[in-house]
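Turn these sequences into a full structure, and let the hints steer you where they fit.
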Amino acid sequence: MVRWAVIAAIITLALMIFSIIDCSRTAENNIRSLPKWAWLVIIIFVPAIGSIAWIIAGRPKGNGRGRRKRKIVPPDDNPDFLGKL
Numbered sequence: 002m003v004r005w006a007v008i009a010a011i012i013t014l015a016l017m018i019f020s021i022i023d024c025s026r027t028a029e030n031n032i033r034s035l036p037k038w039a040w041l042v043i044i045i046f047v048p049a050i051g052s053i054a055w056i057i058a059g060r061p062k063g064n065g066r067g068r069r070k071r072k073i074v075p076p077d078d079n080p081d082f083l084g085k086l
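Under the working numbering, read the sequence shown as residues 2 to 86, first letter to last.
Just so you know, the hints here were simulated from the structure itself, not pulled from any lab data. Please note: incorrect hints may appear among the correct ones.
[What the hints assert, rightly or not] Pairs of lysine to aspartate or glutamate residues, derived as DMTMM-like cross-links and limited to a Cα-Cα distance of at most 20 Å, are as follows:
(1) K62 / E29
(2) K37 / D23
(3) K62 / D23
Predicted model, so just to flag it, every value in this text is computed and none were measured.
Here is the structure:
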């Protein structure tokens, strides 16, 4: 039983540290819902709930699912390649 409590405490601490660093490095105008100082107070005083709330409601939204795949153009259709010939 104690082992699970220690594991939960370590996970909560890691999540709290991640959230504090992420919040403090995020630009003020990109933070959603609350000002930066309010998010930091919530994360520090209510670690588990505050960290999860920051990830769900405070972090800026990403620009999509990741990098776009680059369209590969065969050499005979590539105008740059054909111009070098």
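Hint check against the structure, violated hint numbers in rising order: Hints that this structure does not satisfy do not exist here, as all of them hold.
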